[in-house]
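Fit chain B to the given chain A structure using the hints.
In order, the protein sequences belong to chains A and B.
Under the numbering used here, think of the first position of the first sequence as 1, with each following residue one higher.
Under the numbering used here, think of the first position of the second sequence as 1, with each following residue one higher.
Note that these hints are calculated values from the structure, not bench results.
Just so you know, nobody snuck in bad clues.
With a Cα cut of at most 20 Å, we get these calculated PhoX-like pairs of lysine-lysine:
hint, chain 1, residue 1, chain 2, residue 2
1, A, Lys357, B, Lys123
2, A, Lys449, B, Lys123
3, A, Lys449, A, Lys485
4, A, Lys344, A, Lys485
5, A, Lys502, A, Lys563
6, A, Lys357, A, Lys226
Reference listing, derived: stretches of chain B covered by chain A, where coverage requires no fewer than 3 residues with Cβ under 8 Å from a Cβ of chain A:
hint, segment
7, 88-96
8, 107-119
Backbone N, C-alpha and C define an ideal beta-carbon position, used for all residues, glycine too.
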Amino acid sequence: MANPSYTVASDNETTADEKVSSPFPDLAIGIDIGTSQCSVAFWNGSRVELLRNTRNQQHMRSYVTFKDEIPASGVSNQLSQEHEMLSGAAIFNMKRLIGRVDTDPIVHASKNLPFLVQTLDIGVRPFIAALVGNVWRSTTPEEALAIFLVELRAMAEIQLKRPIRNVILTVPAAFSRFQLTRIERVCAMAGLHVLRLMPEPTAVALLYAQQQQQNVHDNMGRGNEKTALIFNMGAGYCDVAVTATAGGISQIKALAGITLGGEDLLSNTLLHLLPESRNFFCSGHGIHEIHIMGILRMATQDAINRLSFQNSVQIDIDLGNGVKICKVLERKEFEWVNLKVFEKCENLIKQCLHDAKVYVEDVNDVILVGGCSYIPRIRSLVTGICKRQEVYPGINPLEAAVCGAALEGAVASGISDPFGNLDLLTIQATPLGIGIRTEGDIFVPIILKGATIPARRELTFTTVHDNQTEALILVYEGEGRKVGKTHLIGHFKLIGIPSANKGVPEINICMDIDVSNVLRVLAGIKMPDVQWPVCPLMEVRMPTVDDGHGWCEEALNRTYGSKLDLVTLQKKTHM
Amino acid sequence: MASAAASSSSSSLFSLSSSSSPAASSLSKTAPRVSFRRRPLRVSSSCVSTAERPPARAHILSTGSLYDVLGIQAGATCQEIKAAYRRLARVLHPDAAAASGDYHGTDFIRLHEAYATLSDPQKRADYDRALFTSRRRCVSPPFAVSMSDDVPTGGLTGFQSYTKRRWETDQCW
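Just chain B, with the same shape it has in the complex:
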């Protein structure tokens, strides 16, 4: 529980957004990178209905609770959580999502964090309790700080702007 809180701390240097501090974001902004990969890894689109794609991305980026990240009800069963995770992994995993521009897998990491918490009964119980308490206090849930509104929707700062393996220049000799 403590580690979950630490990993999504709001004072993180690496998730500073332009809204929180312009100085910091320009400080950590890196030059656009050249990608040598023309065609990114992706899952063929035949398995992902195109209608599914935009809502999936939209709700991942704009919402608070882990249940919202997975797009499920708070009372969802274990099976539903797994199914939702898989359905979204098909869209958000960098291998699949590269075509739509997300090379760095931020969305997938968030999805997986949500899944990891909710698929573990103990963690889920702890989370539910915390969520309930924080909702009553009308502040954002402590576990979902990094998923709250101050997360930038594009032009991520610092280390988040990686693309794929950059071949010739990127070999470690």
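The shape of chain A in the complex, shown without the other chains:
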């Protein structure tokens, strides 16, 4: 294998001598890093092809082991994850943990993983460590993911015989802007340049658009619009998108996602099988506990997998010390244990259809992808809501996202296909609203949820106090009337407002999301009857908060309170 270094990788030293004249030297590859599995695909000139690792796997387990000084990942590692998991040396579920603080319930739920996840519950990063020998070696989800990507990149470089730099990565729709920044940082650590971060269902939508275009090639752009609902549920995240497709253009009508996936099914089932496992690691993270938890996870995962094809499974687990679990787990029981998870899925689909203003009767195809799409209850709930018997058959649930990313990579690299297979375009939409805080902790969205990207919108605000010369602009992302339900992504102070009565200065806030989903906030001050701004405009790239934690917000509240607040200015319309 190539250079195993995983610190900031600079240039491609690997393939200087074997550089052959590749037909597409700059071609961006598509990568789908899942919570449990990962795959890479590229456009080979006529179709999308998945890469295989040295063990001939197209789907590589997303995990990294720390052993013998040199970390190794699921890309190249010869040992199975199962074996590594029992020793505490394997770090996985990176995608669930990335960009989260230790007050996050997801982080707390991760504490029963067979490696160390320690929280102080104060809103900083959790402490994550792998057991190497008898030492807990600290790491971060970012580092682990970067190690993984470095190996993935090396594998792709060897197989494609050229340096790889540009990538299209799929991400969950539920990721906040803060988490997206983290993913970009991970890619930078691995020496990769992200052309786009595509929400997973939109990548699937692009693949669907391509298939539809192939089906009706002679009727471009006219009439034959097809609407599809895409439900994607993997190990870590669940997302839904509604897309309207015609002539190779996939227009995302609505996009929604939550942090919910196979991992939740697994931990619920695990708790059901062994209720005391909730506080399993309270007494310490010894090798024995890790071993037991590893065994338990594997057995439960296996049982869930088998329940997709049979009605009941026999579970026999010997945990040592006389503790045994012998039980027949019925499919009904599994569904009952995970009732809440399935309810949340249903609500997400309904909400997405509502946001898209699409009736289920108008949905032409229902596309079900992701690892959880094999679970019968998931299939029945999706087909139930969409009132149909079958789901769209033309898409491989495990490869759809990565294939879509590879298509976008080819389109983004400017490659054209003589048969028109790459005449594609995705018109993306924002999954969350973005706005600022105004007086009384009211969240005023400026870019609305579901806005088409690129988006640009401005609103005018004004001061709430007489002679207020400064204003604090707090930018939030989310939904709801109050800022409590949203989260802070950035802040800056606007100074130099001329002294005037409250309500007089006009403060324009403009938000701009460019086509690569970069958010910039612009602010300018204007006085009535003066045509130009009173001072230079402020232009701030978001997010500015480095650690997404609530500390910053608390500190801002403590220091400034509502002293520097703004309110929406009711505009006089000049008709």
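Structure of chain B alone, referenced to chain A:
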């Protein structure tokens, strides 16, 4: 309706053009940016006839009503509106238009605003009424202020001069 009016207000700081105030435009003018992206995203040209391109751009920039933005008749059907939107999206979406110089998607945003209004029956009815009234008063339609002649055709001011993601310098560390 109110929000549509607010978002396209003529007193916007961010759409000040050189014609309205030289001081403001020099104030908000930013230095030219360096782009690290050599090749922008684009849709291959095979699907867009080259003859279609210049008129599309020209009519987007120079006209008033939303129907003109989409290049359709005022009585166009829903299907025609969608088809026109798609045809123009192929040309004006920044992924497709970057090759011809529009990185910031101003044209596409305008196109989408027009489409969003006209594809919603309620909004379209409101717009049609407003358009009719304003035409009779011989002033420009209130909803299309930002699309009127004072919109600069090049060298946009302030925030409109962005290019693509600027890699090394633009990472948020």
